[in-house]
Every structure is written in C-alpha cells, then in structure tokens.
Amino acid sequence: MHILAWALQILFVPLLAPLGVGIINKIKAKVQRRQGAGLLQPYRDIRKLLHKDEVISEDASFIFNIAPYIVFGITLIVGASVPLFTSVIHLPSSDLITVVLLLATGTFFLALAGMDTGSSFGGFGSSREMTLSALVEGLFIASILVLVILHRTTNLYLIAGSVHLDYADLIAVALAGVSFFIVLLAETNRFPFDNVDTHLELTMIHEAMLLEYSGKKLALMEWASANKLIIFAAMLVNLYFPVGLASNLQFGTIALAITIFIAKLLVVYVAIAVLESVIAKLRFFRLPGLLFTAFILCLIAIGLVK
Amino acid sequence: MTGMERKIEERVKKLFRGSLAIRQIDAGSDNAVEQELNALTNNFYDISRFGIHFVASPRHADMLMVSGPVTRNMRKALEHAYRATPEPKIVVAVGDDAIDGGIFKGSYGVYDGVSSVIPVDYTIPGDPPSPLVILRSLLEILDKVDDSRTKE
Amino acid sequence: MLKIHFFQVTVSVVFLSSIYFHLAKRNIRISMVYGLQSAGVVALLFYSYLQKGSPLILVVVLATLAVKVIIAPTFFIRLINRHKFKFAVDPHVKMALGLAIIGLISGLVTLHIFSPLTTIIPANQTYLTLALASMLISVFLIANHKDALSQIVGILSLENSIVVFAIFAGLDQSSILDLGILFDIFVWLFVAIAFISMMYRHIGSIDVTRMKRLKD
Amino acid sequence: MLASIVSPSGLIILFSIFGIGGIGTTLLRGNNRAQNLWAHIFSITGALWGLIFAASALISNREFYVNGLATSFPFLSLSFHIDKLSSLFIIIICLSVLFCSIYGIGYVKSFYGRYNVGNYGFFYNLFIAAMLAVVTSSNGILFLFAWEIMSLASYFLVVYERHDHKNVKAGYLYLIMTHAATALITLAFILLFNHAHSFDFNTIRASVPSMSMALKNIVFLLAFVGFGTKAGIIPFHIWLPAAHPAAPSHVSALMSGVMIKTGIYMMIRLFLGILLPIPLWWGLTLIIVGSISCVLGVLYALTEHDIKRLLAYHSIENIGIILLGLGGAMVFYSLHLPTLMLLSLAAALFHTWNHATFKSLLFLAAGSVALATGTKNIEKYGGLIKSMPQTAILFLIGAMAISALPPFNGFYSEWLTFQSLIHGVLSGDILVKWVFLGGLVSLALAGGLALACFVKAFGSTFLARPRSVMAKGAKEVSIWMRSGMAGLAVLCLVLGVASAYIIKSLESLGREITASPRAGLITSVSSRQTLQIGHNFGSISAPFITVVAVATPLLVWFVSRYFINRHQKITSSPTWDCGTDITPRMEITSTGFARSLTMIFQPLLRSNLSYDTAPAGSLAPTSIVATVGIVDIYKKYIYGRMYSLINILSIYFKKIQNGNINAYILYILLALIIALAMGI
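Protein chains in written order, with the numbering used here: chain H, 1 to 306; chain F, 1001 to 1152; chain R, 2001 to 2216; chain D, 3001 to 3680.
If you're looking for bench data, these hints aren't it; they were derived computationally from the structure. By construction, the Cβ of each residue, glycine as well, lies at the ideal position given by its N, Cα and C atoms. Accuracy of the hints is not assured; some may be wrong.
As the list claims (entries may be wrong) - Straight-line distance between alpha carbons at most 27 angstroms, and here's what the computed BS3-like set of lysine-lysine pairs gives:
1. D:K3654 x R:K2094
2. D:K3376 x D:K3472
3. D:K3376 x D:K3504
4. D:K3109 x D:K3376
5. F:K1076 x D:K3569
6. D:K3475 x D:K3169
7. D:K3472 x F:K1014
8. F:K1013 x D:K3472
9. F:K1076 x H:K26
10. D:K3655 x R:K2094
11. H:K26 x F:K1014
As the list claims (entries may be wrong) - Here are some chain H residues the structure puts well away from chain D; computed CB gaps all over 12 angstroms:
12. K30
13. I63
14. Y167
Work out the full structure: start from the sequences and follow the hints.
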C-alpha cells in the first residue's frame, strides 16, 4: 500500500492535470452557452503534439531544447512534493521555500527559452512573465507565511496535516487564502493576469514564450502548465482548507481522501472558470496594484495571527 | 495511392481526429473568408466541440488555412509559414481566390492561387464559403469524427 | 610707596600708549608715543638693574634706550617726512567700536579665567593684568589698522608689553629675558625697516589691504 | 603535521609567498609573459597554502596568537590571531583567489604591451596579502594598516587600465569613499582605545563590559557606516558600481566576491565578538538596512545594461541578504536566543561564502564575454552561446546560483536565511516581528527580482542572435580562463551538495565567535544528509534535491525520446517571423526587458521614459528614440546635497581666507584669547 500511495502521489499530478484544464474550459463554454470541447480535449492535444514532428528555430541553442524537460520535470518534482490526498508521506523537498524556488527554476528556464530564438514575441513574453513572477514570488511566500506562523513549520505536509485550527484564526487563514488564490491566478497565467485562449501575440504572457515550440516539446510545455495549475489548486485546498486528507495509508481512507480531494479541486476549478467568464483581463500595469492589494491582505492576516 | 502513403494518412487522420490546430494565413485576401472563419468560433458553430481550434503560431499548427489569391507581397510570408509548420501538416486553400485566383485571376499582382506557391492538400470552394460549408469540409477532411457529436 | 607709584606710572604709560595708538591721527605722534612707551619700559628695566646690579641688564637698558627710545622714533619720523606718509587709511573698525573692543579686552583680562596668568606673582596682579591687556590691545591694533606703520608699531608695542609682563612675572631673575630683549630688538627693527621700505618701493603705499592683489 | 602547519611560521610563509610574488614580478622588468606567470603562480601557491593552513587550523581545532613583534611605531604591534572565523575567511578568500588567479593567467595576456604587467602583479599580490592580513590581525592599528593597504592596492588595480578615462574617475570616487569610511573606522577604534587604552582586540573585549551604552552606540554607528561603506550597503554604495567594473575582471571578482566581505567580517568580529552584549536596536538596524539594500540593489541591477555594473549591483543585493542573516543573529543575541542566533549567523556566513563563489564566477564569465567582444554593454551582445558555449554554461550556473535556484549553493543559504527570518517573526515582540517580516518580504521580493534580472542578463547576453559586429566575431576564451571559471562552478555545486555539513559546522563555529559555548544547535543532520531545523520546523536534503533536480528532467527526456514517437523528425527553419525577415534589432533588449519592472518601481527608482522624435521629413517621423533612464537619487539627493553644502561652506570659508593681513592677525588674536582662556 505504501508503494501504491507513492506511485499515486507521483503520478496524480501529471495524469489528472490535463483533465483540470478540460474541466475549466468546459465550464467556461457552458457559461458562454456553448457545447465546447470535450473534457478530455487536453489529453488529445497532448497526444497529438507528442506524435508530431518538430521544427526548431535555427537560432535556438541548447537552452531551448532542454527547457521543456526541465520545466516539465520541475512540475513533476513539485507535484510529488505538495500534499495531495494524504498528509502522511512526504518528500525532503516538501518545504515551502524549496517549492517556491523549484517553481522559480521552471520559470527561469521557461523565460530563457522564450528569449532563445530571438523572436520579439518570445522576448517580451519572457519580460512580462519575469515581471509578474518577480512580484508574485514575495506574495507567494507571504501568503503561506500566515500558515507557517500558525503551525510553526514550513513543511507543507505538516501544515496540511495539522487538525488544529482555532476559530480565532479563521479570518486570517481566509484572508491569506484569498491572496493565495491571486497568486494562483498569476502563476498559472489565468485571468485577470493573462488570457490562456488568446491568439493575439501582443497581449500574451505565457503563450508568447511558447510560440516557437512544436511537437513533443510543446506538448511538455503545455502539460507542465496544466501541472502547475493543479499544483497550485492542491496547495490552495490542502493548505488553507486541510480537511479530508488521509492520515494513514489504508486503501479505504486513501480512496475516500482522493474523492474528497477531487471534489475540493472541482470547487477551485469552478471558481476559476466562473471568474474567467465574468471578469476581463487587466491592463498589464494595473496588475501590480492587484498584487499589492493581495499583499496588504497578507499583512493583515499576519497581523491577526499570534 | 501506395500502401505506405495510405498508412501515413491513416495515422495522421487518427491523430488529428479530435485535435486539430489551425493556423489561418491571409495571403492577400479581401477578408470575406476571414469573416466566415471567425464565425466558426462563435457560439452557433462552436468549432471547438470537434477539438478544432485556431492557434497563434504555425509551429503549433496542424493545418494551414490559406485565404486569398497570394499577392506578390505575401508570397514570402506564406512560404515562411509553410516551412515553419511541423510535419505532418495539411494545407487547405479556402475560397475561390485561394484555389485559383478567383476574380483576381490573371492579375499582375497575384500568383493565382495557393497551389502555385506551396503544395495544397484540400480546397474549400466558395466566394466566400459559408461557415457551415467550411465546417462540413473540415469534418470531411478529418474523415468523420465521433458520430455522437456531429449530429446537430 | 615710591616704588608703587613708579610702577603705576610706568605701566600706565605702556598701557595708555597702546591705547593711544588706536586713537592717533598723525603718524609722527604715533612714533613719538612709541618712543614714550619704550621710555617707560626702559625705566622699568633700569629699575630692575638698580635692584640686581647685573651688568647685562645695563647693556640691555642702554641698547633699548638707544634703539627704541631714540633711534626707532627718529627713524620713523625721518621716513615719514621723506616719503610724506599721510595718515590716509582708516582702520577696519571705526573709532567708537574700536574703543568698545578695547574696553571689552580690558574687561576680559580681569576675569577670573585669566587669573592663572595674572596671578603668577599675586602682588603684581594689577600690573600683570594691565600688561596682558596692552598685549592684546596691541595685537588688536595690528589686526585693525591697515597702514603698515601702525602694524609695526603694534608689533613693537606688543613686544614692549611682553617685556613688561615678563618683568612683573619675575622672569627678570634670569638673564634669558635680557638676551631675548637684545635679540628681539635687532631682529625686529631690521625686519620692520626692510619691510616698510621694500613695500613702499614696490607698491607705493603702506596700505596693507593693497597687498591683496599679491594674493594670486 | 597539522600542528606544524598551524603555527606562526605557517602564517609567515603565507604572507611571504605573496610578498615574493609581488616583489618578484616587479623585478622581472620587461618580460610580460614571465611577469604574468610569476605573479599568478605565486598567488596560486599562496592560495593553496592558505587553504591548507586554514583547513588544518579548522580540523585540528587550534587557534593561536602571533604576538611580540612590536615595532617602533607606537601601539602598532604585528599581532595576529588565527581563530575559526579567521580561518573561515582565509578559506573563502583563498578559494576565490585560487580560481581567479588561474583565470588571471589567461586574462592578463590581453595587457601585454599595453600596460605594465609588473605593476599589476605587485598590486595583485599585495591586495591579496592585505585582505588576509585584515582577517587575521588582532590589533586595531595593524588592522587599519592592512585595511588601508587593501584599499590602496585595490585602488591601483581599479585604475590599472588607466587609458580609459572612466576607470580613473571611478578609482577617484572609490578612493574618496573608502577613505571616508576608513576615517569613521579609525574614529571608532580611537574611541575604543580611549576607553580600553589599547588597540588589542582582546584587551578591548575585556574592557567592553565597563563601557557606557552611549559610547558603545557611537562606536556601533561609526563602525557600521565605515564597514558598511566597504561592504556596499545603500546609501553608501555609490563607489561600488563604479569601481568594480573598472578593475580587470578577475580583480573585480575578488573585490566583489571577497573584499567587500571583509566589511562583513569586521562587523561579525566587532558586533558579535567584541562589543557584547549588544542592544536590540543594533540588530534591527542591520535588518532594516539589509532589507533596503537587497531590494534596491537588485532594482538598480535591473536597470543596468553594463554587465559588470549589473553584477556589482547584485553584490549590494547579496550584502543585503547577508546583513539580514547577521542582523537576525544580533537580534537573537539581544533576545537571549542563542540557538537561533547560531542559525542566523550560520546563514550569514554561508551566504558570505556562497556569494564569494558565485559572484566570482559571474564576474569571471562577464570578463570573458567583455574580453571576447570588447564591450561591456549588454545591448551589444546576443547569441554568444553559439560562439562561447562553455562560458555560457558557466555563466548560467553562476546565474542560477545567485538567483537561489536549486541545486546550487545560493539556494541553500537563501533557504537558511528564510528559515532564520521566519524564526525571527515567530519569536519576539511586535516590533521585532514586523522588522523580521519586512526582512522576509524584502528577501522574497529581491529573490524574484534577481531571477528576472538574471534572465535578462543571461538572455540578452548569450541567447538569440548577435546584435553587434563585436558579438558576431566573439571567440571562446582561453583554457586558463575557462578552467578558472569551471573550478568555481564545480565549487558552486559542491557547496550546495555539502550544505548540510557546512551549515552544521558554521553553527558550531558561531558558538566560538560569540563565546557562547553552551548554546544548543537548532539544526540536526540525519543520516541521509537531511538538514533538519528544530523539531519538524523545516528540512532540506541537498543530495536528494540535487539528484532529483538532475534526474527528473533526464527521465522526462529519456521517456519522451525513446518511448513516445521514436521516429520523430526534427527540422530547423528560421524563427517564425510573421512573414517578414527577422533581424537582431527586433530582439528584446536588456533595457526593454527590464522596462516593465522599471516602470512599476518608478516611485523607488525615479525612472523616466522620454521620447525623442526626429523631425518629420515626410509624413512620418524619420526616427523615434525612447530612452528609459533612472535618476541617480543618491547622487542627486544625498551626495549632491552634500557637495553643494560643502561648496557653500567653502564659499564662506573662502571669505575667511581673504588674503588680508589684518584678518589673519585678528584670527591670531581671537585664537590667542580663546587659547589662553581654554588653556589655563
């Protein structure tokens, strides 16, 4: 059972991540009164891309070629490091700072890959991505810091596994959760930070860096961003609302925990989809204001906890 | 068609069924075709339910939909886009202009159709073809997608 | 009693002449008053000789008498007459303010912060205070007046005051004072004469403020 | 064996190697090649001996004094003290010196026939010896002496390429700032002397308990500003971005990597070794200054497009991070939390070491690029990864390390700094909590910005296509230079992998520095090299992260290459250009890359964007130039104000110096009266 739990923990994120994107797209289509693509569309896209040939820019260096493996690999590591359905097993990398900096490594290579081919789109895509991620990193840490102060540990599993939650701290946790949700939107390139569906190069952030990729490498990049979405969603639901995580590795408990976990994820996805349907993308230079607001929320939350 | 070619085509169709990325190229079109293509993504035609979507870069594309008679200015752009698209790829000439130059045929400024510049696999006639025609042709090209979702 | 009167008179002469240098309007009178001041100093030195009987002091007395009382004023007067020095330059600080400052200095030296200086020999406190005051007033003369003659006289007056101060501070017990005075007389006179002559030859004036243009 | 190395003669050998190296070079007149080899072989030998010496001192747990070498100068005695802190800094210095000297053999070749290599060799060896003397001396006067030699030797290295007018100017600024700092330090030592009646560190330490609080505070402020100026804290940093780029690159590496750390060394020595016990506000001050330095330093780096200036600004940022750790340690000391103090101090020391490694590496790599292209302007680079692939990889490693990305060493020290700051937030009253919180947020923000900055630096230097003729003609640098860099790159990885062991050792080292032998250690290292902080507070496993970070991408590559679509064909074509030919001018420039962040931080940076439109010949303007610039607020508001104040004062003082004899005599009169009144 132990090995099975480990296998589940490692494979959960990459296997279910595309489904999450599919769910969000489906909900968005429904809200727009469209039938929309099927839930499994992202899987079909990835499968197709994996089987296509590649065209690579003549100007690309090895950075361009290794970046997808690193970016995808990082999401695998982080995906296995964050608490998903159980709070019992954990990797030595399940630490707040480690996770933040591991994700930053992925962003680093993604941005470099964007610049590598000398395309102007890739360049400003990287510039915007780095601008956002530079500002978000602090907020990321600050929003989880509330939990660190509450639970006296930076280990994500211990935060998720702690049953103790004082009602007095509920407001603080909620405020921090809201700002973490904003971090989620920023890091996964969702509205109001970025439009994942855009075809307009001038407004792109994430997509602009991938314009030069094709075939397998594009598949890995797309898959990696899907992974990132599920990772952040999992952190949101498991750290700020640590309910229903399996505290042992019995088959029944794990099955129940996975069900609860998926239900919790669904809530987040619905929230994202609804949000994307009702709000517009913000102008780029308005984004720091939003992040700053979230940061103030964090500070209030930190002020509230003892 | 040799057995080898058929096998490859079979593989491609299987691959693209349910996931087709289209890069639209305006090679000197009068924008009539673009209007109709644009309509494909609206709620009524909702092309995304067949797994078909438009993409921003030819690197991501499986299919190039070329409109317009290919003006002299757009020839290089078209060639670049063709070269930039990874194999396997499908080139579709949309509209009469793209097929043989249409009403611009014989003009000194155009190349009389996409096929004189890059190899074309399929054509969708019409000036411009209506969205429904385009959709039907696309689905035909993809050789019948899942039955449950084509019924309207 | 006679001794005290003698001291009072001579020190007053030195002190008042140092003040007079500030007031004088004519160069010739300054020179003459300087002679008078020096005569006071000579009298003091002579008294010192009578007390001790050292021949060295007698030499000093005679040298001072010759140089300071006779030669120096005569020389100055002749110089003034030959070059027609006019008392053309005003002091920096006007008369009234100058007097106020002199008063201030005089008051200042009586303060107790100067008492360690003025009470070297407690019996002579009055004389020491006056000598100190005339020293400072002489320095102020140099600072305040623009004409070179006044400045030189100021230096000489300062020197006279120092001698007076030294006598009352009991420094005349050793012969250092006498040697110092002898040395000083010659050096200062030569320097002063050379200075004035050269300056007049070069600049055509004895107004030191004209020297500003030499600054660069 | 160890005992014979760790002895006064070992130290004398160390200094004499550099001495022979320096003097010997000047004697080899004319023969550039021989001078180059002589200077560097001796500095390499010296560095190796220094490593052996310091490592033996650490292993054998010995410390010793060299005393009794009194000189004819009053108070100056050649007394040295080798303790663990000194040994650590000798190791840090010698490691950087070792690789920089190897690099230097290749780099100095470019000076042949242009500049006097003899002078270089002399000052280079003198500089290193002076740095070693600074970290070993145990006498205030000797220390100041060494400090001054270090400053002067580095000044001469800064102005070494004197044909460039800018270098001379930078050197002048450096000279002024460093001497202003030295003046403050001297004053601090004089105050200490006034109290202790000795310049000997131990005597001073013994007399500190009887010192008044006010005096201690003044000494602290003087020393903090003085050493802080050398370390490059904001707002005393202005010399740093000017002087570091001016020196030859491996000297820049030493200055940025090691020399500024001597300021940190003395802060640790004074604040945590000598002036104990310390009040709370000292540590808080350090944290606040550190926060400001690390955020502003990286912001200035972002706006910079001279590659070496960019790196110099990052030194300011990293000094800020070190100060966060050091300040934390001081606060914990004042709060009587010795275990946390050791944790914080270990973070500061480890980051000091790491920064010495990766900043040296980056400067060397930047120097290689500058040498290959002949310019330091990032805008003129591009595409160098094709012509200089090895330098590119080495720069990438340095960039990842400085951006605190796993698996390199910067990650571990930043992780530790984060941990110590979080502990600070958790322990202490409301003021302490918010100051630590400020430090934490600044550190996180600086980390993010540093990442952006190095994407910019690496991206616009090495990626895409060459943007100038110089970049097009660039060639890979010599094997000497590459091996120097490679050594440091390996060190970055090794320090990362061995971090658990190192952190643990640094903590016990801290116990001896601060003379708190009974302080328990908060960290523990499990059998799998997992560094554990507290009871389940946080943990990190360097070998695990290294293996996973390397293995996972490899696994992904392997699976996708050999298990999925094995017959995939990869073709190459020009970059997708939307139909028109793409030129290097369309690439994003480094200014353009940082523009968004520059604009967002406009209130802090005082950045401005101005358009210069050339007059229209026809309907459209012929050219539009957009300039993003930042105002040097320190020059404008602090040093500019200071300058005009001095100017105005000078005008007043000029009135005093009016050339009027009367006035001078009046001064004499006044001085006389005052002197008489005061003197008696």
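Review point. Honestly, which of those hints from before does the structure not fit?
Key: The structure conflicts with hints 3, 6, 7, 8, 9 and 13, although it agrees with all the remaining ones.
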